[in-house]
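Asks: Those protein sequences? They're chains A and B, same order as listed. If you use the UniProt record's numbering, the first sequence corresponds to residues 1 to 84, in order. If you use the UniProt record's numbering, the second sequence corresponds to residues 1 to 426, in order.
I should point out that these hints are in silico values taken from the structure, not numbers from a laboratory. The structure presented is a predicted model; accordingly, all values stated were derived computationally and were not measured. Glycine included, C-beta positions come from ideal geometry on N, C-alpha and C. Any given hint might turn out to be false.
[Said to hold, decoys possible] To give an idea of the chain B side of the interface with chain A (calculated C-beta under 10 angstroms), a few residues:
hint, residue
1, K69
2, R73
3, G74
4, R134
5, R135
6, L136
7, S138
8, T139
9, L142
10, M145
11, G158
12, E305
[Stated by the list, open to error] Partial pick of chain A residues on the chain B-facing surface, computed with a CB cut under 10 angstroms:
hint, residue
13, L16
14, N40
15, G56
16, L59
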Amino acid sequence: MDKNEMQESLLKIVKLYLPEDVSIEDVQLKSNFIQDLNINSAHLVDIVLDVEDEFGVVLENEDMDGMQTVEDALSIITKKLEDA
Amino acid sequence: MSTRKRRVVVTGIGVCAPGALSADALHDLLLSNGNAIEHFPELQELNFGCQLGAKPAYQEEMLAPYFDKLWQRGLKSAGMVYAVLSGMEAWKNAGLEARPEQRDPQAGMVFGAGVLGVDKLYEAFAQVDQGNVRRLGSTTVLQTMTSGASAYLAGLLGCGNRISANSSACSTGTEAVILGADWIKQGKAKRMLVGSTSEGGPYVWGGFDAMRVLPRSFNDKVDQASRPMSATAAGFVPSCGAGALVLEDLDTATERGATIYAEYLSGSLNAGGQREGGSLTAPNPKAVRDCIRETINKSGLNASEINAINGHLTATKGDVAEIAAWTEVFAEQQANLPPINSFKGHLGHALAASGSIELVACVNQLKHQVIYGNRNCVDLHPEIAEMAGDRVLQTSRYQSLEAIIKASFGFGDVNASVIFKKWSMD
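Chain B extracted, bound-state conformation (with noise of 0.2 angstroms):
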């Protein structure tokens, strides 16, 4: 085996968000700081504080393809639909073939979900209450277990190495993009489907609707609810949807003659512990600095070469405490702060689903070479305006673009983060 280090790059990505159906269509919403957030009646009726969200808006017709009629007839996991559109379009834009008769061993899948088939689990609820267990049907089990959106997806594309579903709360996407890069480097597998897929909807949101932590006086007035990094900012949007990524061994993408979006250089996972601050629901500080400046590190890049933040940026009281941290790592490597964005304000937070949208969004930016604009943050939050003010761009700018960093936070007290870097052979 050959000892040299092996490279990881993305050659496909694909994306069934709110407001966008295709990569291309996630890359016109953000550059021209488009909103994909709506008011739901349901949730009003149902007395929810927050009545606004984000869901994809995909058409029945678009299944077809992936789920025959069976399936579709008693398919109610939307978490498997979304990962299934947005697997399937990274699968088909990597040039790889979407329905292949044999099995390849080297192709492999890490993608994560929440919660997975709430409108299946519902009904089976109600069969089991009232004793109708046997009614339960044989689908039952596969759309709602965890890793059901990754089991489906191995099937159409006969992935013949490891299939698995990550869970992390929030970071759950940038973890599968992180497992799946270090399975390759470690030689493991030459490609990997990664991504992550989220529900949406009243018994996904209620739960977040409780905590309070949802911004309850923007009801009527949908295009500026989501607000990160505003001063007036009070609370995030939940959304749902999916996003993929078809990394693969630079070897074998370029021996295929893939075309390559960019280059995985470095990830890190870690957790603050619930101690010095962090709890269930907060981030330890420390931790999410340890996390940025190891993805930093173990790059090979000077901080100085990074030329975009992607923050986890919710329009939460956290957004000042992310600001800090972005800040501080960067000023300890005596880098200046590069522009900072988060997508939040236009998609809402789609859960464990945001950090797989986001980094499609990121190797948009990367592809395009841009970096797109934040949406409601003309009256920035004081703190946030005093450490980098100038740093968070109102409407998108085009510019050279060399590497990104992204990172996401969740619940657990769990981090995420990730570079990559525009792709160039040398």
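This is chain A alone, in the form it adopts within the complex (with noise of 0.2 angstroms):
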């Protein structure tokens, strides 16, 4: 899988939780899910077990409290994916 299919995928899934105000085009690569795209704390777990579903990787608790920007679960997705 290269990078834009990559982002593409976990576009798929943020947009999902994106509250009604904020729209899929101010999603940036240094975008803050909870700060900057005001997504419900609450609702992280979700996108977690969403992008283990899609991408077919088990994130631990440490992958999940470094998972705070779109870049960084690019980076935890593909190293995952490359441990695999």
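Can you join these two chains into the complex? Each is in its own frame, and there are hints to help.
Replies: See the structure below:
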């Protein structure tokens, strides 16, 4: 899977969790899920589950703690896929 | 603060009931003596003695206004769905704003539940047992806590007063109405959404089947299975759903020009202490009488001014004892026994939701000035026939109706009773 495909798949997941007043165009690599995108912190655990299902990886607690921005998520997924 | 006694009125009603997805549809069903009970092949496959039940047949698209796509994706709590559909109907029926911008500190909620989110729990148990607790997602707690339905509804409605969920088995719905009305009478809120929700299906109904309190010989006679007050009554048919009422302080309702459907006059709650014939599963007959009597005494009405009784009357052997209680209390007060009905012949027994659904139907009776007929009791139980034979209507009857008394009884030997009166200013 190339970087663009991965990003596209991730954004498709993130889109589901955006509040009504945030559009998918507002999502940047540096966007913080909670602070910038206003995603309900309770939903971060659901995003992680969706990421696991979509990419066939398992995220550990420390991965979840480190997953603050879109960029963080992409690098964690990349690393998991490489390790697999 | 005014020392004048506050009056509490009903300004909105809603249901998500078997055979009726609105309060108006419930009126049509009961008026025409319709049947909402069905045979569930699933229960047959699972070796249930009673393979009958009744469920609200809501459509997925009815959820879209209240649950966003995310919520709908993992939504397995039928009790939440029933509560939200009935609560939103009641709120809108009261002419109130459905999704207000602002929090209203004068609006609260008591929305009871029996067990909530059984199918969600089932899914969660499987994940936990497989060591996958991390896969439970963010809504498992919200969908399975007893107050999950009231919490979710309160968010939709911006209610900023007391928000809670009561639970007292099959008296839950009637108790919720009393708790909400008392709260307003105490001046602690101006408006309360009150109601209750109950789930159905094999995991909820199974325990009752095991207790052998459900009818086993009517699996091929669906529309005759639920027979309150009948000589051939063989147990209650389990059902589920939710009912909701908007209660308001009279001044608040009048100021905003709300349509008033009925006035809440009085309510009583007690328990039989599992003494004097009462047990975890059967009511103490003396406590039942005390509860009904106290409701009448607190209402300010003479018993003779009450024109209708809506009983708990589930189609078990408890029916005879209940009719004896009604008969005695009205006789004590030198009043003729008014017509008695049970809606469980039509809807089955919606357990924790029965009281609220049936109280919505009682408000409908006052609104339309009609007493609904009973189903499946042409062959009245001989003891009931002797006590109250001519009081049990077989078909609905339009008549002048001033006040209705309703009672609900629940496991744990708990009782609840309410009187609603037709609305008039004096």
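Asks: Please go over all the hints and tell whether each is borne out by the structure.
Replies: Hints and how they fare:
1. K69: holds, 7 angstroms
2. R73: holds, 8 angstroms
3. G74: OK, holds: G74(B) within 10 angstroms of chain A, min 8 angstroms.
4. R134: holds, 8 angstroms
5. R135: Result: holds, 6 angstroms to nearest chain A Cβ.
6. L136: holds, 8 angstroms
7. S138: holds, 4 angstroms
8. T139: holds, 8 angstroms
9. L142: holds, 9 angstroms
10. M145: It is violated, given that the least Cβ distance between M145(B) and chain A is near 14 angstroms, above 10 angstroms.
11. G158: Nearest chain A Cβ about 16 angstroms off; hint violated.
12. E305: Check failed: Cβ of E305(B) comes no nearer than 53 angstroms to chain A, outside 10 angstroms.
13. L16: This interface hint holds because 6 angstroms falls under the 10 angstroms limit.
14. N40: holds, 8 angstroms
15. G56: With Cβ-Cβ at 14 angstroms, over 10 angstroms, it is violated.
16. L59: holds, 9 angstroms
Hint compliance for this structure: hints 10, 11, 12, 15 are broken, all remaining hints hold.
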